[in-house]
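Each chain is listed here by its residues.
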Amino acid sequence: MTLLDIFTRLEEMWIGEAIRTSYWLFPFIEAIHLVGLALLGGTVLVVDFRLLGITLRSQSMQVVLRNTRPYFLLALGTMFATGIPLALSEMIKLYYNFSWWVKVSALGLAILFTFLVRDPLVRRGEAPRMAMGCIALVSLALWFTVAGAGRWIGFS
Amino acid sequence: MSLRWFADWLDTHAWSTALHESFYMYPLIETTHVLALTLFVGTLLVVDLRMLGFAFRLTPISTVSNSVLPWTVVGFVIMFTTGLLLFYAIPVRTYHSIWFRIKIIMIVLAAINALHYHFRISKNQVLWDAAPKPPRSVRLTAAGSVVAWVIVIFTGRMIAYNWFDCDRPQPDWVIAVAGCVIDEVATL
Chain L
1 MTLLDIFTRL
11 EEMWIGEAIR
21 TSYWLFPFIE
31 AIHLVGLALL
41 GGTVLVVDFR
51 LLGITLRSQS
61 MQVVLRNTRP
71 YFLLALGTMF
81 ATGIPLALSE
91 MIKLYYNFSW
101 WVKVSALGLA
111 ILFTFLVRDP
121 LVRRGEAPRM
131 AMGCIALVSL
141 ALWFTVAGAG
151 RWIGFS
Chain G
1001 MSLRWFADWL
1011 DTHAWSTALH
1021 ESFYMYPLIE
1031 TTHVLALTLF
1041 VGTLLVVDLR
1051 MLGFAFRLTP
1061 ISTVSNSVLP
1071 WTVVGFVIMF
1081 TTGLLLFYAI
1091 PVRTYHSIWF
1101 RIKIIMIVLA
1111 AINALHYHFR
1121 ISKNQVLWDA
1131 APKPPRSVRL
1141 TAAGSVVAWV
1151 IVIFTGRMIA
1161 YNWFDCDRPQ
1171 PDWVIAVAGC
1181 VIDEVATL
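Respectively, the protein sequence lines represent chains L and G.
Residue numbers for the first sequence follow this note's numbering, beginning at 1 and rising by one.
Residue numbers for the second sequence follow this note's numbering, beginning at 1001 and rising by one.
It is worth saying that the hints were derived from the structure and are not from the lab.
All residues carry an ideal CB built from backbone N, CA and C; glycine is no exception.
Possibly wrong hints are sitting among the right ones.
[As the list claims (entries may be wrong)] Heads up, incomplete: computed chain L residues facing chain G, CB under 10 Å, no partners named:
| id | residue |
| --- | --- |
| 1 | Pro27 |
| 2 | Glu30 |
| 3 | Ile32 |
| 4 | Leu37 |
| 5 | Leu39 |
| 6 | Val46 |
| 7 | Phe49 |
| 8 | Leu56 |
| 9 | Val63 |
| 10 | Trp143 |
| 11 | Gly150 |
I would like the entire structure built from these sequences, with the hints used as guidance.
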């Protein structure tokens, strides 16, 4: 069974079928995906900007992370809950879509980096400021790639 | 001089057509418009969450807003600029778009809500600036902001779909709301 076979099977599932046959479902889910993007991006930006020292400097990195974290997780959950059905409705197109592969690769890296590198380092709070700034730039670059490549799926 | 006349005039510009048909510029501008949502609506949501008493409860509202809102403004400027360019590229269709019309109304309502907060509600901010859960009026304003911008995102995304376009057969209410010019409407 090739990867393309798996993608074909996934596209044939009822959920993708339901979205394809509906007039409104795809745009509706897409719009929720965009609202999730706003919240996800907002929470990522506020934390990374704090690490760069360009917002909320009077608050510790830990305070900023702790206060935005529930909404980051909520946004990430929303993105998966809407993104997976959207993908299931057009798996074969995505198989041949370079932007989509860039997006999911960057997404995997961004999630790993956020949960295994950035957030643990912020919580420990021992890394030098320069290092935290670099961490923030990597995080921003990864999430920016996810969002940019995501939008580009529709153009390519 | 009507707004439609203005849209028609924009449509005659060579640059408008060039932008609409360009292979990279239009997608790049649209991508910038979408990604700026994170900077504009995303950071605004963080401030709204503070005003709702959901996040940064131990940090004064003014600390969060003074520090985060400048970024929101940067995001707004990017969205507004790219939005104007997107309108310039497809002026007539966008002018008639029902979704675009709702979107503009919601942006105006969101602006009124923000001004109302700025000039009225925040007058006695010292009294509740540090409150983990601000007064009802403050929370209502924040909730209004969230609802308005979510609708703006929804309707903004829908502009891309042609369900209610004037060049397709439409029921009377669509023709009325979209302001379709009867001679141009596809006949049923």
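Taking the hints in turn, this is what the structure says about them:
For Pro27 of chain L, the shortest C-beta to C-beta distance to chain G is roughly 6 Å, which falls under 10 Å, so the interface hint holds. Checking Glu30 of chain L against chain G by beta carbon gives a least distance of about 6 Å; that is within 10 Å, so the hint holds. Hint on Ile32 of chain L holds. Least Cβ distance to chain G is approximately 8 Å, under the 10 Å limit. For Leu37 of chain L, the shortest C-beta to C-beta distance to chain G is roughly 6 Å, which falls under 10 Å, so the interface hint holds.
For Leu39 of chain L, the interface hint holds, the least distance from its beta-carbon to any beta-carbon of chain G being 6 Å, beneath 10 Å. Evaluation of the Val46 of chain L hint against chain G yields a held restraint, the C-beta minimum of about 5 Å falling below 10 Å. At about 7 Å, the closest approach between the beta carbon of Phe49 of chain L and any beta carbon in chain G falls short of 10 Å, and the interface hint on this residue holds. Proximity of Leu56 of chain L to chain G holds as hinted, the smallest CB-CB distance being about 5 Å (cut-off 10 Å).
At about 7 Å, the closest approach between the beta carbon of Val63 of chain L and any beta carbon in chain G falls short of 10 Å, and the interface hint on this residue holds. A hinted interface residue such as Trp143 of chain L counts as satisfied when its beta carbon comes closer than 10 Å to some beta carbon of chain G; here the least separation is about 8 Å, so the hint holds. Proximity of Gly150 of chain L to chain G holds as hinted, the smallest CB-CB distance being about 9 Å (cut-off 10 Å).
Violated hints: none; the structure is consistent with every hint.
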